[in-house]
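Just need the whole structure built from these sequences, with the hints factored in.
Chains as they are written, first to last, in numbering that gives the first Met the number 0: chain A, 0 to 375; chain B, 0 to 311; chain C, 0 to 305.
FYI, nobody ran anything at the bench for these hints, they're computed from the structure.
Quick reminder that beta carbons are idealized off the backbone N, C-alpha and C, glycines included.
One or more of the hints may lead you astray.
Said to hold, decoys possible - Which stretches of chain A does chain C cover? Using the computed rule of at least three CB atoms under 8 angstroms from a CB of chain C, they are:
id : stretch
1  : 65 to 72
2  : 93 to 106
To be verified - Pairwise CB distance ranges (calculated):
id : chain 1 : residue 1 : chain 2 : residue 2 : range
3  : A       : G114      : C       : M219      : 42 to 52 angstroms
4  : C       : N124      : A       : E309      : 50 to 60 angstroms
5  : C       : M219      : B       : S215      : 43 to 53 angstroms
6  : C       : V64       : B       : G119      : 37 to 47 angstroms
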Amino acid sequence: MANVHLNELVKEFDDVTAVDGISLEIPDESFTVFVGPSGCGKTTTLRLIAGLERATDGEIRIGEEVVNDSRAYERDIAMVFQNYALYPHKTVRDNMRFGLEQHDTPEEVIEERVGETAELLQIEELLDRRPAELSGGQQQRVALGRAIVRDPSVFLMDEPLSNLDAKLRVQMRAELNKLHEQLSTTTVYVTHDQVEAMTLADQIAVMDDGQIQQVGAPTHVYRNPRNMFVAGFLGSPSMNFIEGELEAANTGKLRLDLGMHAHNIPDEYADRLNDRLGERIILGIRPEDVSLSQDGVAANVHPGTVLVVEPQGEKTVLEVELETGQTVKAAVAPDMSVETGDEVNLRFDRDSLHYFDPESGESLIYDLKTKAKVTS
Amino acid sequence: MSVENKKLRRKLDRLFVPLTVGPTLVWIAAIIVYPTVQLLLSSLQFRNPITNEMQFVGLRNFQRLLFAREGGSAVLGVFNPNFVSFTANTVVYVGFSVTISFLLGLGIALLLNKDLKGRGWLRTAVIVPWIMPYVMSGLMWRWMFQTEYGAINGVLTQFGIIADNIPFLSDGTLAMMALIVADVWVFTPFIIIILLAGLQNVPEQLYDAAEVDGASRWSRFWNVTYPFLKPSILVALTIRIIFDIRALDLVWVMTGGGPGKATEVWASWLYRTAQVFNEPGPGAALGVVLLATTFVIVAVLYSVFGDSPYNA
Amino acid sequence: MSTKQSTLNRIRQALGMETQNEWPTVARERLVTYALLGIYVVVIWFPIYYIFITSIKPSSEVLSVPITFIPQQPTVQNYVDIFANRPFEHYTFNSVIVATTTTVICVTLGTLTGYSFSRFDFFGNKTLLLSIVGARMIPPIALIVPFFQIMSNPPLIGGFTGSLYDTRVALILTYTFFNLPFAVWIMKNYFDGVPESLDEQAKIDGCSTWEAFFKIILPMAKPGIAATAILAFIFSWNEFVFALVLTSSEVSQTLPIAVSLFVADDFVDWAHLAAGGIIAALPGILFGLFFQQYIVSGLTQGAVKE
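The following block contains the structure:
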């Protein structure tokens, strides 16, 4: 077991910079997930750790050892590929044995480890089959088994669940969680699926454009996004962004001009936002933090017209057009009887507000929110 | 793993590409580049009949090849009658062979592409003629067309279709036809294989969609099959044409270019010049012409038909 | 459904007529398809049948009118004769040696090189691949003059002086010229179809590049290798023109030449020619019958994926 340390890591392909200066500490026994849209550099980062690509610049350490110049076969890692990469001409048993044989493991140890791993994953009865004879889910287990049997310092997983159907994916997700609890092997996991990232990770690294946008515990990152990218990427449906001009009310308090019904800025952010008076900023609020208000028109309640009603089972997502023409999504309880065309009043949860700079996309209150968290 | 061992493994890995690609490149350079250069050199030389030595003669071999001669020197602008007639023979031979075998091959490929029982066996049965040695096929067809004992006259007379045997290979036009028949027999399987592979690229749903739209069979072919088949057709035709221009085997053993010079094509002319008459210079010049023609044909075919919206 | 009805259906089915679960037009169309293909197969196999029965007829029957389409006195005498009176064992041996050696060289180099072209980005790889493939466009017949000159009078390499004319080596060298570019191309396309993650998995399992290739990728490439080998073998086995140019005696002449030798100036010994022809054609026919899918896949890999 070991930690993995990335320092100012850069990978350039011919004319593309895939990884643009990443620094990250992946603690021993952690489950770290790189998440981001396709092309964000997450897979390249994983391949750099694996030794399948050579870093252009920066440093990779596994444990205490700098491995920049080590070949994949010299690093003590195991990897699970998106397409599983099972050797089609070998049986399941031989697929699992191969890596151990390559490392000159004694025969009796190989036997023992393959047996144990097969039992752990409940694939004993598959050992003499070939990959083509297995279902997708079984192949996935074998691929995992092949990594586990090696007992490496680090597991690397490249979208391992993305080829499974939805139901199986949820099941395997739970199982991966369980396995990690049992084995505690440091795991680096790449996915584009934010739900997967949220449920699996104890450390999540949101990537975009070759850079890490934010690192932290999943809930923390979810509740306190550092910028609009992270805010928009995590969560489904994604966060509402509403742009408006910051102005001073008669009372001297700050408010955001949203047409007839201004949005009052909570006092704790007033100091910070004061010097932005007269500028445009972006209000961010997640759909689940938007509720339907019965109070009628009041401060911080925004009337609108329902455009789309989208029942999703456990919740119903409404798309509501505000009087200013901006649309806001709200996730409400499924038993709410709302229909297209209804007039509703939206209330934004006071504790779940975010404010962003429209130019840079950076959160204007990130440090305030995290500080509040710590003190409370 | 020891440090020494590690170094060796890394070193061997670095040598992977040089060691796997190098020998092939050397080999190909030796057996393709060298002879090609030699060909160009030889085409500029002439064997002195007395001293048997090769002498540099510039472009004279090409002049002799292309243009008529009067008193030992070439008359530029008046073509060599042999060149004209052998070129015509080549065009007729290649043109008819390729066209007929293409249409036949397309038809058979479309039939074989259907969901049939025993399709594997049918495909095997259809491919075999192409796998036999061409020389064997040529002699076989020479035997089929033989005047007294050949099967074709045998069938025709025994069924009372003709009264007297037809001397197929002693008549210029009939000999050319016989040659084309043999060529079509040998090479249609090639067309079938390539087009069958191309037909696999047509998405099944498009046929269903066309059927739901009520498209006729003809319109389904043009609007669904053909666009996907086009790259395969181009490949099949290109390879077929350039291989037919260079093919000597069938002509040489079936008709030997005869009767007279009725079936003499470029390939047999080249062989006769270089080997039978032992004139390597003019033979090489003809080789250069053949080489250049091949490149021109490929270039033209690809520039005219090369683009297809489905060409991946 | 009553028994009577299902019997009726079976008869209809046997005749290719409509059944309950098919549109009548579809069934009729299939019947026509079978008929057309049947006629085509019979017509193209007729010459093969005719040359075969010629080979088992005594010469007297071969040259008699009216010709017979079923041999009256079948015999293997023609086959015995060609081995007794002509050095057919030499021709056969030469064919086997030349075709096998060429195949081994082409498959070995083609596999290694094809893999490198498929996996690695090295200096000038696109240009090199293009020129290797482009080499196939060179009409071999255009090169009979230089090949004849070079083989008769080879360049000095390592002090070797003799002539290669009329040797099996000359044929092997020449046939490699036909087949190696093709082999590289087929194998490159084959490896392109093998996911690169398998190479990577092998490396993560502890393999060097060589080990990954030999232990993991090569064993998986058997179908591609089979296709390349069969095509290279058939091409070399069947080749005629260069054998004609480069050989002159049974020391190196191959079966296609041997068959053509039955054609004398004005007389053709058809019965024995047929027997020799059948022997020459046999490997091809057998390969075709048993390895049809490899031939098809090889040609497809080699031709269509350009």
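Evaluation of the provided hints:
1. 65 to 72: Check passed, 3 qualifying residues.
2. 93 to 106: holds (count 4)
3. G114(A) - M219(C): 42 to 52 angstroms: 27 angstroms Cβ-Cβ, so the 42 to 52 angstroms window is violated.
4. N124(C) - E309(A): 50 to 60 angstroms: This hint holds: roughly 51 angstroms between Cβ atoms.
5. M219(C) - S215(B): 43 to 53 angstroms: Holds: the Cβ-Cβ distance is about 45 angstroms, inside 43 to 53 angstroms.
6. V64(C) - G119(B): 37 to 47 angstroms: At 41 angstroms between Cβs, range holds.
In this structure, only the earlier hint numbered 3 is contradicted, and the remaining ones agree with it.
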